[in-house]
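Protein sequence lines correspond, in order, to chains A, B and C. The numbers in the UniProt record's numbering rise by one with no breaks, and the one at position 333 of the first sequence is 333. The numbers in the UniProt record's numbering rise by one with no breaks, and the one at position 307 of the second sequence is 307. The numbers in the UniProt record's numbering rise by one with no breaks, and the one at position 645 of the third sequence is 645.
Check each hint, because a few of them may be wrong.
It does not matter which identical chain is meant; a pair holds if it fits inside one copy or across any two.
Said to hold, decoys possible - Below, in silico cross-link-like pairs of lysine to aspartate or glutamate (EDC-like), each with a Cα-Cα straight-line distance of 16 Å or less:
1) 650 with 184
2) 179 with 19
3) 393 with 553
4) 277 with 421
5) 179 with 192
6) 31 with 19
7) 135 with 61
8) 569 with 447
9) 386 with 554
10) 386 with 662
11) 296 with 261
12) 450 with 20
13) 296 with 5
14) 179 with 385
15) 179 with 16
16) 277 with 580
17) 650 with 26
18) 277 with 519
These aren't lab readings, by the way, just hints derived from the structure by calculation.
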Amino acid sequence: MRSYEQVQIGVDYYPEHWDESMWEPDIRLMKETGVRLVRVGEFAWSRLEPAEGDFQFAWLDRAMDLFHRYGLQVVLGTPTATPPRWLTANYPDVLPVFADGQIFHPGVRGHRCYNSESLRHFGSRIIERLAHQYKGHPALVGWQTDNEFGLLNCHCSQCNSAFREWSKVRYGTLEAINKEWGTEVWSGEYSDWDQFNVPFGGSRHQNPSYLLDFQRFQWDAVAAFQKTQIDILRAACPEHFITHNFHSYPQRLDMYSVGADLDVAAFDYYPNTSPTKQETTPYSGALSLDLTRGIKRQNFWIMEQLSGTPGCWMPMWRTPYPGLIRAYAWQTIARGADTVVHFRWRSAVTGAEQFWHGLIDHSNVPGRRFAEFSQLCTEVNAVSDKLQGTTVKNEVALLHSFEQLAALEIQPQTANLDYYENIKQHHRALTKLGIGCDVIDLRQPLDGYKVVIAPNLFLLDEQIAASLDAFAAAGGILLITNRSGVKNMNNVCVMLPLPGLLSRCAGVEVAEYDPIGTEMHTIVDGEGNSYACCQWSDLLTPTTAVPVAWYGEDFYAGIPAVTVNTWGKGQVYYFGTHVEERYWSELLANLAEEQELFRFAGLPDGVQASVRSGENGSFLFLLNLDRIPQQVQLPREYSSLLSGKALSGKLTLEPYGVEVLEM
Amino acid sequence: MRSYEQVQIGVDYYPEHWDESMWEPDIRLMKETGVRLVRVGEFAWSRLEPAEGDFQFAWLDRAMDLFHRYGLQVVLGTPTATPPRWLTANYPDVLPVFADGQIFHPGVRGHRCYNSESLRHFGSRIIERLAHQYKGHPALVGWQTDNEFGLLNCHCSQCNSAFREWSKVRYGTLEAINKEWGTEVWSGEYSDWDQFNVPFGGSRHQNPSYLLDFQRFQWDAVAAFQKTQIDILRAACPEHFITHNFHSYPQRLDMYSVGADLDVAAFDYYPNTSPTKQETTPYSGALSLDLTRGIKRQNFWIMEQLSGTPGCWMPMWRTPYPGLIRAYAWQTIARGADTVVHFRWRSAVTGAEQFWHGLIDHSNVPGRRFAEFSQLCTEVNAVSDKLQGTTVKNEVALLHSFEQLAALEIQPQTANLDYYENIKQHHRALTKLGIGCDVIDLRQPLDGYKVVIAPNLFLLDEQIAASLDAFAAAGGILLITNRSGVKNMNNVCVMLPLPGLLSRCAGVEVAEYDPIGTEMHTIVDGEGNSYACCQWSDLLTPTTAVPVAWYGEDFYAGIPAVTVNTWGKGQVYYFGTHVEERYWSELLANLAEEQELFRFAGLPDGVQASVRSGENGSFLFLLNLDRIPQQVQLPREYSSLLSGKALSGKLTLEPYGVEVLEM
Amino acid sequence: MRSYEQVQIGVDYYPEHWDESMWEPDIRLMKETGVRLVRVGEFAWSRLEPAEGDFQFAWLDRAMDLFHRYGLQVVLGTPTATPPRWLTANYPDVLPVFADGQIFHPGVRGHRCYNSESLRHFGSRIIERLAHQYKGHPALVGWQTDNEFGLLNCHCSQCNSAFREWSKVRYGTLEAINKEWGTEVWSGEYSDWDQFNVPFGGSRHQNPSYLLDFQRFQWDAVAAFQKTQIDILRAACPEHFITHNFHSYPQRLDMYSVGADLDVAAFDYYPNTSPTKQETTPYSGALSLDLTRGIKRQNFWIMEQLSGTPGCWMPMWRTPYPGLIRAYAWQTIARGADTVVHFRWRSAVTGAEQFWHGLIDHSNVPGRRFAEFSQLCTEVNAVSDKLQGTTVKNEVALLHSFEQLAALEIQPQTANLDYYENIKQHHRALTKLGIGCDVIDLRQPLDGYKVVIAPNLFLLDEQIAASLDAFAAAGGILLITNRSGVKNMNNVCVMLPLPGLLSRCAGVEVAEYDPIGTEMHTIVDGEGNSYACCQWSDLLTPTTAVPVAWYGEDFYAGIPAVTVNTWGKGQVYYFGTHVEERYWSELLANLAEEQELFRFAGLPDGVQASVRSGENGSFLFLLNLDRIPQQVQLPREYSSLLSGKALSGKLTLEPYGVEVLEM
């Protein structure tokens, strides 16, 4: 087992925020509570290097030694998300520049241009020093790069030069760029590299090929910046793992390219605590976790887990309901998290994050939330050995792509055609049916899946089309939707009947389309049942496909809206419109039966099921992520991993109740 | 007949967007379809002059020759709306500067300061070369200046200097400016021209006299910029007509001053395709067309006509309903358009306008919309000879002014007193009554009209007042409304009882006013009928006028709200408040009867009637601009120009049905 | 009696706006109407000094002499709110710079950085000249500093330097700042003063200690700027009083520190005229007036009083209903105003304030509003002697603090926890009960009060806590609320159970809290009555207090929500949540009975009562601030100061009716 495969609970701790006299009482309490790991240091640059070249590691040495004395593992963060004031004052090229020319001054975190030479120079130096200092420390097990990478759309001169270089590598010449992007529109042709810039003061309504490449360039800048850190750490600390804590989905960062160089992906998970979000939070959370697992197609970490009400730059949320903290921690484990690190041990008393609450309040009196956390630690420690090495395996995949997300944000097709929301609908339908689902990059191999859902494949190339063709031809069920095959990967419209390269396997052509947006229309299936639809209406002309639903109104009433085509040993569904979730649920339930998918049926709203399995066995997680009690019917007798009791028949899950059953 | 008086259909075509191998098939299909004209070149500067002084006209020569070979006429656009990258990179004074100092960088179109010396130099040079190259080309019939002029509020140093010069010409001295604008308020007096600037970083809540003049200055800059182009073209190509394609109304551009130098005005017409806009689109569209006809008080062109769903920088609209493209093209002809050019032949596959759909989709497979366009071409070509030379003549005028629009935007009187919306209400009332209406600049002579509506004459001078006085004195019916006579033309309040100079002919004075805004009040007429009103309440004291409606509530219940005054041989109505459309409809219907106005009565909602007449006869257009069938009662038998059939009695117009009847 | 203690009516007049031939007719009419005072000059810098060093006082001499000839007193404004164009052009450091680097260019008023050396130099010089010129003028009685001080958040280099100096004075060293602000969070530690800046390009989500001190620095800059003016005026004109016209509450200006150096505070009062604001305007207005009286804990002036509909940069409001102008003028007197100056004599015909209407319209024909004003002058002059020297004395205080307001704006606790709105609710409950209330700075001595309400004491120190402890211990009733005692005065969270330093006297600790925000919950009192609550839920653990209300739902149903603690001879109420006004009304009515507070019971909505008393007697003001008649029951017979009639039993107040009764 690799060091990052332990199932355990950790906390985020900031020794530099507290008087040193508080350290040992804090760490002793962690130990007593069952905490196994701490993350430290990711914002501490000004303490580690208070002036240029003045490295001060003694305080961290003492903290690390204390952690070790109490048997706690440590993950160290590289501090590059918070360049200290001496660095930004003396080397202002560290600071990002917005499109309007304004500088992103320090004050909050993240004030660093990924392409800054000074940042790379001084960032590499402090990481080298840290790696050298702690490579042999017995407490240290791994590293976190930076913190919550995000896109800044920096427009500084370094970024401008780097974007030119990136484009030269990609296209070679301006002639090629002019051709690929079609810059002849509106006289945008480049004749000299000096004319080629990041989008200064630009409206986003520029050439979409340009805007998509500018996005890709930024993604690559983040990955390249991280790579400089990883190269240093791998060389100095070959025994340590390296991770990064991604935050929130959807967001404009290509998690796949940034994740490619990591040993293990991590996620910062803050499910919304409001009862008004009850219908969505459990499911959008599940999607985020499945997507994080898909980054490396293996188990992952939670590096920051909800521990109290968040607040600060937004008004505070509701305090977590009793059981919520524990239940959402179990949800992460149920979906493949191994180590779950809670943010944060104690709420900060200074700085802009004072009201992003930790496990312990400002008063330093542990309360209800801490007691719940303590129970969680005890439970996880009790079953950790059994769960270690188990993973989540599914028969259904949902294909996902940050390029599609970016392209559909650059050119919104209708007011309500939202790539993320569409993905979420499909994922929620599966989750409510009790069907596990992987969410993976659309270029991943599809071996082993029985059903693949690939929504809104706006950008397409032959490689992706061939992969989907092959999947279906080999017997898979492929479901694709409108706005697919519209463009090539340079964001240029193809001169083919839609869905372009997918017309073959889908056996259908789009004769015309109607962007119905927020207007609610209907489709009618073969039995005369009506379903609401919106966003888009492709008027379908089947070539070899068979219609299974038809439009219910407008001048195209009776025209096919959904078709299915037999392709090799498999089948390809095409959805010309965005149908309500009920239609998808019924279709997927039928497919589950036909394809004999594993499914835990009969879940009430808010209750989720998932399975981890491995050499130690298979474990069924049943989680009530709601404030009211819920019941599920167990198909047979199971033994509870948490209580050791035998359970069968109707199982009542208390509000935020958790069961883990040995299968 | 002048070359721009042909009734015909054209298309916008961009040879530079397509591989040359596609040109001849495209042009052949145009010919076969019945297209008679193409507009080309207005964005092609980077292809015509790829580097400074490197003129490349061979490609356009080949395209022009092809057009000629297939018998198509050509309108060439001057390419100044899209300065190429070499120009903006080497001569950055071309780029506009916003009030906050940000530069309007290239990327989208329109990145050009009208006062830029470099733009004028290089713009004039390419236009001279184009004129020289094509003045004798047999396909070429006319020129379009630039593209869709719009205001940028440029604040560059060239504009700053130009604004000083403009103000010197207008006022002579700073002393005069201080006096006319009342700059002593808030110590804003100028003592040196160096202090006199465009509104840098200014809030719009500055001296309203200054802001209005800054607006006028910008209008003049557009007209002067266009004049440099027109001078070149008239000198080189005396046989060709010159037009400009105005876009969207209302907007902050003085179409009258820009239109003054043109041979014929053109408009880019994109009626909203959404069924949720059914109640407004046919009528706001009719207003735009009547307003365009008023620019030169003669027939006009449509240079871009809706051909598919627009989209790109906004989410896409609904696809045009079957018949909508054809019906709205006929609407433009019904209201005085001669040539109607459809935008665009085929949707762009690259660039920011990919989803502003043309007649043919990206796939290059002509579909339903193209078939409808083809029918339109056939129909128009069949009746073109008959319609040529006919024009629209009306007995009612609606006075309009961009200065009023600007002044009321600079100082909104209440949240919902909107100059354009008020105009639209009056125009819609007339249109629904089947009464044709001219929309003309308020300084135009009023000879020949029986009824003139002049809403919200916020700014007023003796010349306008005298013109209105004279119109009424000679027997005309004049209708004026609140917020009239408030200011002189320098946007300074007059020290007179309102409506100021119009108190004479209106026979009424405003004792006090109450800006009721969005609150709904009522007025009551002589028969006790109630009507809703809002925006404003003038408490009227008739001097010689007679009240015809009174306020229904508040402390001024019973005070006159609407009056009518006999003035010479005519009558002047004064509306102290903004009354609902129903009141206007009833009043205008009565006036129509009294004044024996031509009227096509009995139109259902969405159906419009208008008449073109000339030496060839008179033609009544009946257009159903709705998705449901509608019926109209024909007062006698007519012959259909489209079908040749005799029609009488109840005429059923299919959804988007069109009839043209010989009168 | 001091010169500023006369009860009288004035007007704001701008001689520089009008042709000199209009001055004498205007002033004669003022005299005839009963006007006793004019304010002049506060925007006239460009007329007083049209070029650098060119002082032109002759016009003002003539105006002053005219005022004197007609027996009118004069208050002169210092003109620093409107630096003339020669000053801003030649000394651009006068102009403020926004956080994004943009300059606040002239055009509107207020374009001056309080820390500008040039402003201070030239501002002091013109004030010295004015003081020298008019110190002996018989008409002049006092001075107004600048106009409506407001915060600009200037970020110029002068402000940057000044902020460093201010911080050095406050903290001494960067080490101290780092420690007090906790800058180690996110590596924000300062190691050199060059790194220490105003928040350039900063999001507001920076270190809250820093942001609060930046706010305090700005407050101090205003006070220091004003102090330079006051020092000059006091030295030259020891006989004159000095005031400043504060405007609108709440706003981001510390009225207490700016008010400290004045002889008398003044307020610009524009109650909203809309009937849709009827429920709030009378009460928010009363709060503003009570707060203004609290600035110096003495009578005050109104320097600008509503005289017509405001408008200009916003759409115009409704015209004042008949009686409204008079009634709201009486409201200011009822709550402690002595001189009430109406803004403005006549509406401006030029400049950006054209539609901020004065007593007389642009037409210069006095109308309904002027007649009402005339009545007001007559009435006030008739009773002036009696009212002179009387003041408002109350038994209840509402503690207020601009620091709390700022801190709660920097870190909103929930979407709807609004310090001002909470204060307003408490004040309105008292006003509706007919209980007078002082609104004073929370550091004021509390002697003489029976009840003190101190909401949301977010920031707290021992001095404030001790003052509250002592008040209650001595027998007072203290009411405090949630979000109290959270922070020290440096905006750092305290490590104590909440309400921190107030836990002692409140006898309660907050075990946990739930930011319920806009969700409506309930509390239940001892008799089982339910009341709605929102914003926040503190879960209370009484130590010595007794619960008097409990939460009605959620996981803390039954937990105490409101408690009362006996502390010395008094009692301390603690509100863990924001309860609806009804609960406060019932509690305060009970307290009024127990504590034998003076109260005028039985007021209908919209009717307000207050008392002025002094050597001349006591006077009860009864004001109907509504558009409908209202009745109040008089407890005994009174003599009307206005009509001289004896009144008893049911008193009917007409719409906007006013009575002043001798007690």
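Hint by hint, here is what the structure shows:
1. 650 with 184: neither (68 Å within a copy, 54 Å between copies)
2. 179 with 19: between (62 Å within a copy, 11 Å between copies)
3. 393 with 553: neither (42 Å within a copy, 42 Å between copies)
4. 277 with 421: within (15 Å within a copy, 27 Å between copies)
5. 179 with 192: within (15 Å within a copy, 52 Å between copies)
6. 31 with 19: neither (19 Å within a copy, 72 Å between copies)
7. 135 with 61: within (12 Å within a copy, 72 Å between copies)
8. 569 with 447: For residue 569 and residue 447, the Cα distance is within 16 Å only inside one copy (15 Å; across copies 80 Å).
9. 386 with 554: Classified as neither; 58 Å inside a copy, 36 Å across copies.
10. 386 with 662: This pair counts as within: shortest intra-copy Cα distance 10 Å, inter-copy 88 Å.
11. 296 with 261: Answer is within: at 10 Å inside a copy they meet the 16 Å cutoff, but 66 Å across does not.
12. 450 with 20: neither (56 Å within a copy, 47 Å between copies)
13. 296 with 5: Answer is within; shortest intra-copy Cα gap is 14 Å, inter-copy 68 Å.
14. 179 with 385: neither (58 Å within a copy, 45 Å between copies)
15. 179 with 16: For residue 179 and residue 16, only the inter-copy Cα distance (12 Å) is at most 16 Å; the intra-copy one is 55 Å.
16. 277 with 580: Result: close neither inside a copy nor across copies, 19 Å intra and 25 Å inter.
17. 650 with 26: This pair counts as neither: shortest intra-copy Cα distance 43 Å, inter-copy 70 Å.
18. 277 with 519: between (24 Å within a copy, 12 Å between copies)
Hints 1, 3, 6, 9, 12, 14, 16 and 17 from the list above are not met by this structure, while the remaining hints are.
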